[in-house]
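Chemist: Here is what each chain is made of, one letter per residue.
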Amino acid sequence: MATDRRTLMSGGCIAAVALFLAGSTLAHHGWSWTGDGMFQLEGVIKDIYLGNPHATLDVDVEGEIWRVELAPPSATARSGFTEDAAGIGDEVTALGNRSRDETEKRMKAVRITVKGKAYDIYPGRAPS
Amino acid sequence: MEFLQAIEQAEPVRLLKTSFLAYPVVNALHIAAIGVLFASIVLMDLCVLGAIRTAQCDPLVALLRRAALAAFPVAVLTGASLFSIQATTYVRNPAFQVKLVLIALAGANALTFMVLDRGRSSQAWPRLRRMLALASILLWSAVLLCGRLIGFV
Numbered sequence: 018m019a020t021d022r023r024t025l026m027s028g029g030c031i032a033a034v035a036l037f038l039a040g041s042t043l044a045h046h047g048w049s050w051t052g053d054g055m056f057q058l059e060g061v062i063k064d065i066y067l068g069n070p071h072a073t074l075d076v077d078v079e080g081e082i083w084r085v086e087l088a089p090p091s092a093t094a095r096s097g098f099t100e101d102a103a104g105i106g107d108e109v110t111a112l113g114n115r116s117r118d119e120t121e122k123r124m125k126a127v128r129i130t131v132k133g134k135a136y137d138i139y140p141g142r143a144p145s
Numbered sequence: 079m080e081f082l083q084a085i086e087q088a089e090p091v092r093l094l095k096t097s098f099l100a101y102p103v104v105n106a107l108h109i110a111a112i113g114v115l116f117a118s119i120v121l122m123d124l125c126v127l128g129a130i131r132t133a134q135c136d137p138l139v140a141l142l143r144r145a146a147l148a149a150f151p152v153a154v155l156t157g158a159s160l161f162s163i164q165a166t167t168y169v170r171n172p173a174f175q176v177k178l179v180l181i182a183l184a185g186a187n188a189l190t191f192m193v194l195d196r197g198r199s200s201q202a203w204p205r206l207r208r209m210l211a212l213a214s215i216l217l218w219s220a221v222l223l224c225g226r227l228i229g230f231v
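If you read the protein sequences in the order shown, they are chains A and B. Quick note: the first sequence, position 32, residue 49 per the working numbering, numbers continuous. Quick note: the second sequence, position 6, residue 84 per the working numbering, numbers continuous.
What the hints contain is simulated information worked out from the structure, not anything from laboratory work. Ideal placement from N, C-alpha and C gives every residue a C-beta, glycine not left out. Check before you lean on any hint, since a few could be wrong.
[What the hints assert, rightly or not] Taking lysine to aspartate or glutamate and the EDC-like style, the derived pairs with C-alpha atoms no more than 20 Å apart in a straight line are:
{"id": "1", "chain 1": "B", "residue 1": "LYS95", "chain 2": "A", "residue 2": "ASP77"}
{"id": "2", "chain 1": "A", "residue 1": "LYS134", "chain 2": "A", "residue 2": "ASP64"}
{"id": "3", "chain 1": "A", "residue 1": "LYS132", "chain 2": "A", "residue 2": "ASP53"}
{"id": "4", "chain 1": "B", "residue 1": "LYS95", "chain 2": "A", "residue 2": "ASP101"}
{"id": "5", "chain 1": "A", "residue 1": "LYS63", "chain 2": "B", "residue 2": "ASP195"}
{"id": "6", "chain 1": "B", "residue 1": "LYS95", "chain 2": "A", "residue 2": "GLU100"}
{"id": "7", "chain 1": "A", "residue 1": "LYS122", "chain 2": "A", "residue 2": "ASP64"}
[Unchecked claim] Label-pair restraints from in silico Cβ distances:
{"id": "8", "chain 1": "A", "residue 1": "GLU59", "chain 2": "B", "residue 2": "GLY185", "range": "45 to 53 Å"}
{"id": "9", "chain 1": "A", "residue 1": "PRO89", "chain 2": "B", "residue 2": "THR166", "range": "16 to 24 Å"}
{"id": "10", "chain 1": "B", "residue 1": "MET79", "chain 2": "A", "residue 2": "ASP101", "range": "38 to 46 Å"}
{"id": "11", "chain 1": "B", "residue 1": "GLU80", "chain 2": "A", "residue 2": "ASP53", "range": "23 to 31 Å"}
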């Protein structure tokens, strides 16, 4: 009967979503997905995204592309890190928290350093 | 993909991308539209399921259906605006993909209900009615959850 199939199908969707939720412990909003302790990464900027909902850098670290998450655009700009601050090909040092899932090449930066200048993306979290 | 890249480069989209105020406003409107849509749908479904004993369902459904049909295009437009900023990224997001499929299923479910409901008394098809209402609650809940997950996968 068509209705039973429909009910089954929606049940299946809910189950899929639940599994999906259970399997995904990574959250890129906030800090829940990041590990404890400071992590530092050095590489070459491959891509810069300065926009909503938050800015990101793609950084080439010895041939591996890392995703470095920054803050929402306004907070990122407040740190001084604007379009003029860095370009593709610039060397960057990012200090922050890496993903708790260490198979993932992803971190959230509290401070990034480009061309000798440090930008405190999250001043409250950046070490003094 | 080229089409999505072109969307990202469009001037109003670029403005929204870096805006301080417009983005959270569009975001808030999206949430407001979802709030109206979800609340009205769940209330309609609960009434059909017999969970709201104090209310007469026919006038309630007539009112809430108008609210839902008004909120849906607002949710779609604001959602499309949020999507446009990073269209090429969101299109690959599994939560976003599942969400679109679930919206299509939930929409088909709602349309089926409205077509069958037209010009018929609710007593004429009580069993299927309740099944569609239950499916509606489950599907729209899953849509909500998938939407929330977009930022977390």
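Chemist: Against this structure, judge whether each hint is valid.
Modeler: Results for each hint:
Between LYS95(B) and ASP77(A) the alpha-carbon distance is near 25 Å, which puts this suggested pair outside the 20 Å criterion. Between LYS134(A) and ASP64(A) the alpha-carbon distance is near 19 Å, which keeps this suggested pair within the 20 Å criterion. A hinted pair counts as satisfied when its Cα atoms are at most 20 Å apart, and LYS132(A) with ASP53(A) does not qualify at roughly 27 Å. For the proposed pair LYS95(B) and ASP101(A), the alpha carbon gap of about 17 Å is at most 20 Å, so the pair holds.
For the proposed pair LYS63(A) and ASP195(B), the alpha carbon gap of about 56 Å is over 20 Å, so the pair is violated. For the hint pairing LYS95(B) with GLU100(A), the CA-to-CA distance comes to about 14 Å; that is within 20 Å, so the pair holds. As the CA atoms of LYS122(A) and ASP64(A) are separated by approximately 15 Å, the hinted pair is consistent with the 20 Å bound. Between GLU59(A) and GLY185(B) the beta carbon distance is about 49 Å. The supplied range of 45 to 53 Å therefore holds.
With their beta carbons about 20 Å apart, PRO89(A) and THR166(B) fall inside the hinted range of 16 to 24 Å. At about 30 Å, the CB distance of MET79(B) to ASP101(A) disagrees with the hint of 38 to 46 Å. Restraint check, GLU80(B) to ASP53(A): a C-beta distance of roughly 43 Å breaks the suggested window 23 to 31 Å.
In the structure shown, a violation is registered for the earlier hints numbered 1, 3, 5, 10 and 11, in ascending order.
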